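Participant: The lines below spell out each chain.
Number of protein chains: 2
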Amino acid sequence: MPPETLVVGQSGGPTPVINSSLAGLLTGARGQFPRVLGLRHGIEGALEDRTVDLSDTSDADLAALRRTPAAALGSCRHKLTPDEYERVLQTFEHHNVRWFCYTGGNDSMDTCARLAQLAKDRGYLLCVYGVPKTIDNDLVGTDHCPGYGSAARYWAICAQEVTRDLDAMQTYDRVLILECAGRNAGWLTAATAILRKDERDAPHVLLLPEVPFEKGDFLLRVEASLSQTGYCVVATAETIRDTEGKFVTQSVGGVDRFGHPIVTAVGETLAQLIGRELGVKARANKPGTLQRTSMAYASLVDADEAFRAGHEAAGRLAAGDSGKMVTLIRRESGPYSCDLGSVPLAEVANSERRLPPSFLGDGGADVTEVFRAYAAPLIGPAPEPFYRLA
Amino acid sequence: MPPETLVVGQSGGPTPVINSSLAGLLTGARGQFPRVLGLRHGIEGALEDRTVDLSDTSDADLAALRRTPAAALGSCRHKLTPDEYERVLQTFEHHNVRWFCYTGGNDSMDTCARLAQLAKDRGYLLCVYGVPKTIDNDLVGTDHCPGYGSAARYWAICAQEVTRDLDAMQTYDRVLILECAGRNAGWLTAATAILRKDERDAPHVLLLPEVPFEKGDFLLRVEASLSQTGYCVVATAETIRDTEGKFVTQSVGGVDRFGHPIVTAVGETLAQLIGRELGVKARANKPGTLQRTSMAYASLVDADEAFRAGHEAAGRLAAGDSGKMVTLIRRESGPYSCDLGSVPLAEVANSERRLPPSFLGDGGADVTEVFRAYAAPLIGPAPEPFYRLA
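These protein sequence lines are chains C and L, in that order. Read in the numbering used here, the first sequence has 235 at position 155, and its numbers run on one by one without any break. Read in the numbering used here, the second sequence has 103 at position 23, and its numbers run on one by one without any break.
What the hints contain is simulated information worked out from the structure, not anything from laboratory work. Some hints here could point you the wrong way.
Chain copies aren't distinguished; within one or between two, either way the pair holds.
Stated by the list, open to error - Derived DSS-like pairs (lysine-lysine); straight-line CA-CA distance at most 30 Å: (1) K277 / K159; (2) K200 / K361; (3) K159 / K361; (4) K277 / K361; (5) K295 / K159; (6) K277 / K295; (7) K159 / K200; (8) K200 / K277; (9) K326 / K159; (10) K361 / K326; (11) K326 / K200; (12) K295 / K326.
Being a predicted model, the structure only gives us computed values, none of them experimental.
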């Protein structure tokens, strides 16, 4: 019989700090569990019995983990079938797994919840804990998600950097589209506004997935920014939909020379729309996975909270707690800080938190100061201000 | 009559360090010139007589300039007509301009050369100096260009960061395209290979503008990488052309529902090609202007050299030298360092330096160790290595 084992896994789209959570978890697990195994590529590693022994991870490796983007154990996007849940449990029994910690988003918390239920139904003793992770910040039950602060910092700073660029190039380039991730929620798109100081700073037009895209209104706003500021930065979610609910990216409706539909990205679609309708040259930046991998923009606050969340999960599992996800609870007064708490997995699983009404201003065309006050501490200290001619 | 005046301007696409060159220039100009004026938006500022007095720029502003991306004075992309050259000279006479320093690329050096010639023809005493600037690194006469080291560092590090991401996500996402700037030269695309340590690291496929794109060969290379490594990062220049000389980005040939041609970016075009032909999901990252504005990835070596180049131009103008561009001359032995030199403007104007044959390996499908040894010092110290499972 193998020793009683804690198994850990990483799931879903990586963040700059998911490995910080792993480092926190392994640090907290020291001396608490007879053995620690890592799943290769999340729950797929349980299906295929691909594991790696992490019991003796060195301090040097823990330090290296904290500066490494993506998911060091490998991640996955796999929805288990009922049969596969059984196989996962068999693998766990085979390795004498008594504790399972999964770092991921709402799909992963659903996986955790179902696995915990199945173990209970089978009379197999298993403690399960989730650690929140997503740049999209769309998990319920927590003030915010580890991963969001770093990707938000990426967009908050990059938006001001490209503002300087457009200000410099405005006699040639006048419109820039920034295409942000975030699934159905506008948290990352909204983050472009965190460091905006006045009307010259980006973003000048915000397109959030919470608000239907209306072409005429959009073009009017771009024109207004061009006449007031001389240039226009549009921050758009990659998932905006028109008033009929169709993704804007698909509404181009063209076909290539082989008859295959051409899908242009949202940013490119909007840039071409502006060129056609307003006769103004527009560019689009679509950093794609760079917004979730860039360590140079990672938030120290976020990295610290991610580490603490992993550490907390190890402590709670060691104490026999189960069926919950670690949460961040913002203190109500004093300088920004968060306590750690927990929420039942079932409350997180498959739910989605979008921008609440109090964070949306100007009829959904902007974010409010309430949002900026919420988000600013998460990105850590702002860089020193840029030089700007008086 | 106004005091004798040095006028300075910034031109072309910004870089993370063009303001460092301005800071160096203003530092070197102190006590050397009765007055220093800055042109708003480069040579367009001379046409429209839009200037700003920089004579008393404070130390705090010089420090702020060095951390600010883009071009603080404003930049432009304007090709002067013969009449406009006359008007620029009239503006210079009006302000008693006796020294002109322009930071830019090869088009800007052409502007400098013509203006110097016109002043000479008119018997107007004017000293002209150029300071090299371009992320594209395509200027002749200098070992490399200020601006390149920073954008190269962006790509060198980002390529390894996305490798970690793709390694983690390979059971779901297996191909990523990185779309790099660089006009007709592959310097930035090649920079993705600077920190590659073994065959698992990106880039696995390089598409350089110096080498015609051949679809069948490209797909074979992607397939080989997928079977050897499990995933594939393609680094492509945004300007690759097929064997008929057509831009790959335009060869899709579709039209939208209004009958307008749809132009998809190269990365998107290649991603869709891979999806169709290999049945493998592919994504494309197109950071666009972010690769030239990102201060978080700026190279300290590059920023220092940019400052020194601006400083040198001020000194040479004060000494009465004219008609040249500052150059960087790499020392032939010892640890990496550069001396400053100069080259006649006419030799730089409108010439373009592409990757030389010694930098191209594997039939143009990769770069050589000779290139990596050339480029590695320009990005400054490499970050500490990432964690990777054994």
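Participant: It remains to establish, for every hint, whether it holds in the given structure.
Facilitator: A quick look at each hint next to the structure:
1. K277 / K159: neither (43 Å within a copy, 35 Å between copies)
2. K200 / K361: neither (61 Å within a copy, 38 Å between copies)
3. K159 / K361: between (43 Å within a copy, 18 Å between copies)
4. K277 / K361: Answer is within; shortest intra-copy Cα gap is 26 Å, inter-copy 40 Å.
5. K295 / K159: neither (36 Å within a copy, 35 Å between copies)
6. K277 / K295: Result: close within a single copy only, 27 Å intra versus 48 Å inter.
7. K159 / K200: Within one copy only: 20 Å inside, 75 Å across.
8. K200 / K277: neither (53 Å within a copy, 47 Å between copies)
9. K326 / K159: Within one copy, since 26 Å is at most 30 Å while 43 Å is not.
10. K361 / K326: Both ways: K361 and K326 sit 26 Å apart in one copy and 22 Å across, limit 30 Å.
11. K326 / K200: neither (42 Å within a copy, 63 Å between copies)
12. K295 / K326: Classified as within; 13 Å inside a copy, 33 Å across copies.
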